[in-house]
Amino acid sequence: MVLVLALDTATPAVTAALAEVTDGGLKGLGERRTVDPRAHGELLAPQIGRVLADAGVRPAELGAIVAGTGPGPFTGLRVGLATAASMGQALGIPAYGICSLDAIGRAAGPGRVLVATDARRREVYFATYLDGVRVTAPDVAKPADVRVDADRAVGEGAVKYSEVFGVPIDDRVLYPSGEALIALAADDIRAKAAAAPLTPLYLRRPDAVAATERKPVLP
Amino acid sequence: MPDEPLVLGIETSCDETGVGIVRGHTLLADALASSVDQHARFGGVVPEVASRAHLEAIVPTMQRALDEAGVTLADVDAIAVTAGPGLAGALLVGVAAAKGYALAADKPIYGVNHLAAHVAVDTLEHGPLPEPAVAMLVSGGHSSLLLVDDLTAGVTPLGATIDDAAGEAFDKVARLLGMGFPGGPVIDRTARDGDPGAIAFPRGLTAPKDLLRHRFDFSFSGLKTAVARWVEARERSGEPVPVADVAAGFQEAVCDVLTAKALDACREHGVETLIIGGGVAANSRLRVLAEERAAKLGIRVRVPRPQLCTDNGAMVAALGSHLVAAGVAPSRLDLPADSAMSLTSVAVAG
Ligand SMILES: [Zn+2]
Chain A
0 MVLVLALDTA TPAVTAALAE VTDGGLKGLG ERRTVDPRAH GELLAPQIGR
50 VLADAGVRPA ELGAIVAGTG PGPFTGLRVG LATAASMGQA LGIPAYGICS
100 LDAIGRAAGP GRVLVATDAR RREVYFATYL DGVRVTAPDV AKPADVRVDA
150 DRAVGEGAVK YSEVFGVPID DRVLYPSGEA LIALAADDIR AKAAAAPLTP
200 LYLRRPDAVA ATERKPVLP
Chain B
697 MPDEPLVLGI ETSCDETGVG IVRGHTLLAD ALASSVDQHA RFGGVVPEVA
747 SRAHLEAIVP TMQRALDEAG VTLADVDAIA VTAGPGLAGA LLVGVAAAKG
797 YALAADKPIY GVNHLAAHVA VDTLEHGPLP EPAVAMLVSG GHSSLLLVDD
847 LTAGVTPLGA TIDDAAGEAF DKVARLLGMG FPGGPVIDRT ARDGDPGAIA
897 FPRGLTAPKD LLRHRFDFSF SGLKTAVARW VEARERSGEP VPVADVAAGF
947 QEAVCDVLTA KALDACREHG VETLIIGGGV AANSRLRVLA EERAAKLGIR
997 VRVPRPQLCT DNGAMVAALG SHLVAAGVAP SRLDLPADSA MSLTSVAVAG
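As they're listed, the protein sequences go chains A and B.
Under my numbering, think of the first position of the first sequence as 0, with each following residue one higher.
Under my numbering, think of the first position of the second sequence as 697, with each following residue one higher.
If you're looking for bench data, these hints aren't it; they were derived computationally from the structure.
Every value quoted in this text rests on a predicted model; they were computed, and no experiment measured them.
For every residue, glycine included, the Cβ atom is placed at its ideal position computed from N, Cα and C.
Hints should not be assumed to be uniformly reliable.
[Unchecked claim] Per label pair, the in silico range of CB-to-CB distance:
#1 B:874 x A:119: 30 to 40 Å
#2 B:966 x A:36: 48 to 58 Å
#3 A:57 x B:906: 57 to 67 Å
#4 A:144 x B:1030: 34 to 44 Å
#5 B:876 x A:193: 36 to 46 Å
#6 B:852 x A:189: 52 to 62 Å
#7 A:216 x B:956: 22 to 32 Å
#8 A:49 x B:821: 34 to 44 Å
#9 A:49 x B:1022: 24 to 34 Å
#10 A:196 x B:984: 42 to 52 Å
#11 A:193 x B:1030: 29 to 39 Å
#12 A:196 x B:1030: 20 to 30 Å
#13 A:26 x B:821: 52 to 62 Å
#14 B:937 x A:36: 48 to 58 Å
Using the sequences plus the hints, can you model the full thing?
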């Protein structure tokens, strides 16, 4: 039995969850979510503390951490990954990265599903899932440019641009599920697989332009 | 808490990822990863590039610091982290990581002020701080004169730049002379072969009318423009640009104003110690001129060694140690990163 903490900050939701992974299954012990796109840095750590305290679990009892690696707005996304990486290092336990869209796709259930989250700048991060399993690479685009090959769409990006996608919107699944993150990493956790450094799915390059020739100051 | 607390400090306010470990006033480790090379082609620090680099560097830099000090996270008494001022996204990586370490290892956390940490770092080199003291912090991000009565309670800002930071002026002048980024070290080297008196560049905010309102403030934007005009006029006339003389004249103008105002602040407040910190404190001419002028006034100048002047984790640990020893309450786990953090708070209140 391994106690596993999951974190996700790839969307406006700050999520922390705790579950017990056993040889045969997974048992959720608690999950907290606060939706506030501007306060990931303030909210996440106390929320982890509460999820652990509610279950009567001390951090030192954790055996693994799972973090949503995005894609998502960069600043908030990094809060979750920096927290997961530092906790993993401090506790000497692996921290596994899982695509945050996968945690929505898995929670969305059977069928062919488009998962879309808000990428700001009038774009969405998206991927397509068949029975909870991703079948296209995560990408970022304007909603009108997304090739929709699904029976329905989920995620807060799907709700925000519902009229664009032309398929029914399922608004029950808006944000990554902590328990789904843990389920997606469960095989690695059971196998005690080595964890690679947590790498964010940025999908966009930094906005920066190379220095140009200086402008004249004399008239 | 012990008198000589073991404190770990994390710094990510700009382009350096730093983790330092101190015991009391003794430096045990100072690990640093810099993304400066990634910013060079942009001619300045790109915030998103810096933030990405911090996330990649934080865990390995922490490991190097722990190994260097020969301690584990379980051994430390407190974790300090720069909460501001600085680049918002960059600060947030360090603050989030610090919270992860504090939460996992069950340690108190102190969100501290970056500028106050630049002052505190001098205790690692020269021992306890004589208070009151005047501190001048000059770097690519700051140019401030501060009155330090009690570092644990807060710091009084006396003046600051009203436009460019001193280090920014070095970067911009180096760029217009085609010398690359960062500008400080290359201008310092080039200036050694030049005549600082050959070209008279302006001294910002030193005219009598400016001194009325901006006695302890700085302005380097006019100086930068004056250098650009001078160089451009030369180029247009087809004459070669005496790069060493330009560098020396520019550097002299900056150092003249900085030292004159810093020592004026010491005199005004009856202070006998001037502490200089920040990347520009590594400038050789600034050190010499400050020493010369201070000696005549009976004022002592304290400048930490160059590695401690630039941004690093040791300075954050030094301030944290100072706060722990003074019994200051730690911050809470919901402490925010504050890109415009005021100097009236040395640490985020608990
Ligand atoms: Zn600094």
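How the hints compare with the structure:
1. B:874 x A:119: 30 to 40 Å: The hinted range 30 to 40 Å holds for residue 874 (chain B) and residue 119 (chain A), with Cβ atoms some 38 Å apart.
2. B:966 x A:36: 48 to 58 Å: For residue 36 (chain A) against residue 966 (chain B), whose Cβ atoms are near 50 Å apart, the range 48 to 58 Å holds.
3. A:57 x B:906: 57 to 67 Å: For residue 57 (chain A) and residue 906 (chain B) the Cβ distance comes to about 60 Å; the hint holds.
4. A:144 x B:1030: 34 to 44 Å: Once the Cβ atoms are compared, 39 Å apart, the range 34 to 44 Å for residue 1030 (chain B) and residue 144 (chain A) holds.
5. B:876 x A:193: 36 to 46 Å: 41 Å, holds
6. B:852 x A:189: 52 to 62 Å: 58 Å, holds
7. A:216 x B:956: 22 to 32 Å: 26 Å, holds
8. A:49 x B:821: 34 to 44 Å: The hint (34 to 44 Å, Cβ to Cβ) holds, given that residue 49 (chain A) and residue 821 (chain B) are roughly 42 Å apart.
9. A:49 x B:1022: 24 to 34 Å: 31 Å, holds
10. A:196 x B:984: 42 to 52 Å: About 45 Å separates the Cβ atoms of residue 196 (chain A) and residue 984 (chain B), which means 42 to 52 Å holds.
11. A:193 x B:1030: 29 to 39 Å: Check passed, 33 Å falls within 29 to 39 Å.
12. A:196 x B:1030: 20 to 30 Å: The hinted range 20 to 30 Å holds for residue 196 (chain A) and residue 1030 (chain B), with Cβ atoms some 27 Å apart.
13. A:26 x B:821: 52 to 62 Å: 55 Å, holds
14. B:937 x A:36: 48 to 58 Å: 50 Å, holds
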